[in-house]
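K.L.:
The chain contents come next:
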Amino acid sequence: MKCTEFLARLDDLIDDSVTPEMRVELQGHLGRCGHCEVVLNTTRKTIEIYRSHEIYDLPAGLRDRLHAAIMARCKKGC
Amino acid sequence: MATIQPIAGELEPHPDVALVERVRGGDVSAYDTLVRKYDRQIFRIAQHVTQNREDAEDAMQDAFLKAYEKLDQFQGNSKFYTWLVRIAVNESLMRLRKRRTGKMVSIDEDVETEEGSVPRDLADWAPDPEQNYNQAELGEILRKTIQGLPQGFRIVFVLRDVEGLSTEETAETLGLSIPAVKSRLLRARLQLRERLSRYFHRKRGGEK
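In order, the protein sequence lines correspond to chains L and E.
Under the working numbering, the first residue of the first sequence carries the number 1, and numbering increases by one thereafter.
Under the working numbering, the first residue of the second sequence carries the number 1, and numbering increases by one thereafter.
Chain E on its own, in the form it takes in the complex (with noise of 0.2 Å):
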């Protein structure tokens, strides 16, 4: 079995890459680990892709279950977690497909709309615009507000801003170029902040 290398550049090789040898020499345990570690990502970022509660499930399950299979060909190039994801990114796509009747469903759907690209709500937020929702309120307005978005932004704000990827993890996962990511992140920022300030923006005449 190949071993592992170090990411180039790194000095310490990541956490992962010493649970990741320690599957491959056949220890189960090290792979509950890293389930542990990742299952609510992944969960979430399935759920972005999916919408839907019983696909994000299913798609999380096969994601882990085809990592495992496929863990010979992990290079160690990349990390673990990013390997992970573009897994779960394909796993989630491919529920979509099927709940849409094998219709075609791809990172690229929607990015044609100039929608949200120039700012048209200029009022300022409230100094705390959360406080006036209750936390059931305001996860609602959050899921009804990046539902909303062309997939094809979505996935690249949930990975890039929510999860926490470099622009560069972010191409290499879903497979697009540097200046795509850029530009539908910055796209999608702005369709968000849009759709957010009718909820958000501050009150006239004082009230709340």
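Pulled out of the complex, with its shape left as it was, chain L reads as follows (with noise of 0.2 Å):
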């Protein structure tokens, strides 16, 4: 497997959608590449770093002003 195959198959390793055959030829490709192993170790850390840091948080009192508004209109039938 080339690397090129390699990272098309990317996305379907992460997300963990690739039949028992595949992961196998997969692997062998990481036990030889580093460089392939560093792509997907950091692809991985990249959505766990921004799943897990709130980026644009909505503050409490903006939250309530925004939400009374949207209640206030339903209300009158919007």
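No incorrect hints appear here.
Listed next, the stretches of chain L that the computed footprint assigns to chain E, with coverage defined by at least 3 CB atoms under 8 Å from CB atoms of chain E:
#: 1; region: 37-51
#: 2; region: 59-72
Below, simulated BS3-like cross-link-like pairs (lysine-lysine); rule was C-alpha separation at most 27 Å, straight line:
#: 3; chain 1: E; residue 1: Lys98; chain 2: E; residue 2: Lys70
#: 4; chain 1: E; residue 1: Lys144; chain 2: L; residue 2: Lys45
#: 5; chain 1: E; residue 1: Lys182; chain 2: L; residue 2: Lys2
#: 6; chain 1: L; residue 1: Lys75; chain 2: E; residue 2: Lys70
#: 7; chain 1: L; residue 1: Lys76; chain 2: E; residue 2: Lys37
#: 8; chain 1: E; residue 1: Lys37; chain 2: L; residue 2: Lys75
#: 9; chain 1: L; residue 1: Lys75; chain 2: E; residue 2: Lys66
#: 10; chain 1: E; residue 1: Lys37; chain 2: E; residue 2: Lys66
#: 11; chain 1: E; residue 1: Lys79; chain 2: L; residue 2: Lys75
#: 12; chain 1: E; residue 1: Lys144; chain 2: E; residue 2: Lys98
#: 13; chain 1: L; residue 1: Lys45; chain 2: E; residue 2: Lys182
#: 14; chain 1: E; residue 1: Lys182; chain 2: E; residue 2: Lys144
#: 15; chain 1: E; residue 1: Lys37; chain 2: E; residue 2: Lys79
#: 16; chain 1: L; residue 1: Lys76; chain 2: E; residue 2: Lys70
#: 17; chain 1: L; residue 1: Lys76; chain 2: E; residue 2: Lys66
#: 18; chain 1: E; residue 1: Lys182; chain 2: E; residue 2: Lys79
#: 19; chain 1: E; residue 1: Lys79; chain 2: E; residue 2: Lys66
#: 20; chain 1: L; residue 1: Lys2; chain 2: L; residue 2: Lys45
If you only want the chain L side, here are some residues facing chain E, beta carbon under 7 Å, derived:
#: 21; residue: Asp11
#: 22; residue: Ile55
#: 23; residue: Tyr56
#: 24; residue: Lys75
Keep in mind the hints are simulated off the structure, nothing from the lab.
C-beta atoms are modelled at their ideal positions from N, C-alpha and C, and glycine is treated no differently.
Hints are included, so try docking the two chains, each in its own frame, into the full complex.
P.N.:
Pasting the structure below:
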């Protein structure tokens, strides 16, 4: 397996949607290719960082204000 | 008023189905529950699309109002949340279009770029790269990095990886084919990885 073929399957590997046979092939490539191993690990970490950090927070005050405005309009029938 | 059918193949109807039914029956407090349940996610999505706080607030408000008005059109063959996200994305794109004085804005924007499709930075990251930055610095890095992605990639990444929609739900929400979502997701992930590597790679000589 070449690196380009591995990269084409990278998402399937990350999303755990590969067949057992394909997983063996991909793992085999990883065992021989340090670069692809780095790409896999750091891509996983990229997703994890974005999932675990709230970069656009909705402050409580703003949340309450928006919420009140929405519900006031809904009660009037929008 | 039509009754919502449970999604095919699901044994238990989603809890939102009961709330939507109550709203349809005139119980506004049930809508209050739905708004509180999803407002943070909808605000985040609107902020990612518009990249502007004021527009995100307006888009979020309008999305919830539009969803309330159009609740009769919700068929229940998709999740309420997915349906709401679709409205929010459209409202956000409309705000973006207004800000750009009518210039066409779509989720297909800039997707032809090949940047980041081939990994170039192959240095490993520090074991806990976030530890090298305080929360404010890290937030700034993550915001700046994702804002630099082409819009068509950014929205797919946010829906799929941050908000947890499935590939099928993301495709349905954005009106894209499943192969298009998969292709954009891969490129978005690789581009973000490449850009974050500038901050997170393991430094030489033992420095942090």
